[in-house]
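Enquirer: Given these sequences and hints, build the entire structure.
Residues 1 to 380 in UniProt numbering are what the sequence shown spells out, letter by letter.
I should point out that these hints are in silico values taken from the structure, not numbers from a laboratory. None of these values were measured; they are calculated from a predicted model. A virtual CB, placed ideally from N, CA and C, is assigned to each residue, including glycine. There are no misleading hints in this set.
Pair by pair, the computed Cβ-Cβ distance ranges are:
(1) Lys189 x Ser70: 37 to 47 Å
(2) Asn250 x Met379: 18 to 28 Å
(3) Glu217 x Ala106: 29 to 39 Å
(4) Asn69 x Gly42: 55 to 65 Å
(5) Tyr159 x Asn250: 19 to 29 Å
BS3-like cross-link-like pairs, simulated, lysine-lysine; straight-line CA separation at most 25 Å:
(6) Lys79 x Lys89
(7) Lys261 x Lys208
(8) Lys324 x Lys131
(9) Lys79 x Lys174
(10) Lys189 x Lys89
(11) Lys41 x Lys370
(12) Lys108 x Lys67
(13) Lys367 x Lys51
(14) Lys131 x Lys208
(15) Lys131 x Lys79
(16) Lys71 x Lys108
(17) Lys79 x Lys67
(18) Lys51 x Lys41
(19) Lys208 x Lys108
(20) Lys41 x Lys367
(21) Lys89 x Lys51
(22) Lys79 x Lys189
(23) Lys261 x Lys189
(24) Lys131 x Lys370
(25) Lys261 x Lys174
(26) Lys174 x Lys108
(27) Lys51 x Lys370
(28) Lys174 x Lys189
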Amino acid sequence: MKVFNKTLLITAITLATTSAMAVDVNFSGFGTIGYSQNDEKGSVVNGTTNKGSWGQTSLLGLQADVKLNSKVSATAQVKLSEDATIDEKMQMTLQMAFLSFQATEALKVRIGRLRAPFYLDSEYLDVGYVKTTATTPFAVYGQAPFPNYNGMDLIFTHYTDSDLEIQVQPYIGKEQVEIDFSRVGGGGKLDANYLAGINASIAGDDWKLRAGYTIGEMNNPAYNATSTTEGSFLNDDMGSFLTVGANYDNGALLATVEFAKRSVEDARAIANLTGAYATIGYRLGGFTPYITYQAQETDDKNRAIGVNSDFNALSLGGKYEFAKSNVAIKAEITNFEFGKNKARGYRNTITNSSAWGLDPTDNLPLKSAKVLNLTLETMF
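Expert: See below:
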């Protein structure tokens with residue numbers, strides 16, 4: 001997998017550098033400096049601690065787009081951000097590295113390392129500047145264990161006589177990601193042996209409707225090699241992921257709603273989840289106040305492991321864009337209310353990977369918590 005990723009990156013960089021005189025090359029980037037802190041001593045809530053952190057939401061991304069001719073192009077993107085498995089350690093990761101072929105006016109074929117099209121915001125998942133909120137609603141965007149995959153997709157685009165854009169995107173591939181399952185005795189790499197899905201959308205001038213469905217086979221070889229408990233973890237188990245969303249933006253009023261449902265068969269340490277959120281905001285010149293409500297429910301409370309990821313949260317925030325600068329600042333305060341597990345009381349299982357990586361401190365009694373997020377974001 002690492003060899004595959006490095007090959008893609010080297011190919012894309014080579015195309016961008018050696019052919020710069022003959023082709024159209026565009027470099028761009030984005031960045032976020034973020035501070036986050038919660039009000040509960042000794043607890044981790046949505047990746048934040050009571051001590052505060054600059055690393056949890058801070059990142060820097062660089063992208064190269066190379067147009068080789070009228071039909072073929074290449075894209076590579078790297079990101080510097082906090083390591084998901086090691087606190088306060090920054091790492092550089094390859095996010096995307098793919099070739100695109102415009103087969104017809106309506107059909108584009110892409111192959112390589114791609115962004116998984118799970119959500120409304122998938123294509124600009126890390127580009128905070130273009131989004132309204134300081135944080136991504138965790139009840140939906142925290143359910144998938146990875147944002148990228150290695151494989152291919154087909155993008156069919158059709159424009160109707162009434163100027164509606166209809167897009168259908170089937171895709172197939174595989175992925176491997178480092179996951180911390182230390183609380184339930186596992187760890188190491190989570191393998192998506194294969195994944196396949198379809199994403200469909202229809203959009204007008206100021207609105208968009210989207211739905212997606214993905215299936216895949218998952219495995220945790222490091223844990224399964226030593227486990228004697230059948231079904232306690234992932235052993236070539238099938239999973240599915242359904243998402244539906246809509247947004248509206250007329251230049252002043254903006255609103256977004258999204259729903260997600262995750263299911264994994266037989267793996268008792270992995271929660272089946274249902275989540276949704278709604279955001280509404282209003283632009284007042286360069287300032288946009290907004291409110292977000294999100295909720296997540298564990299569909300199958302695990303009595304053996306004690307997994308309970310139930311929560312709801314209300315966020316109040318604001319975004320201010322500096323004119324003609326591609327720079328924005330945001331402030332957001334979120335109040336989390338956690339679900340109750342009869343065996344262990346209130347539980348905080350809101351971590352960076354939503355019960356894909358369970359934090360060792362999540363068994364502390366915690367009924368509610370407040371989280372503050374401050375960000376400075378740019379795109380260049």
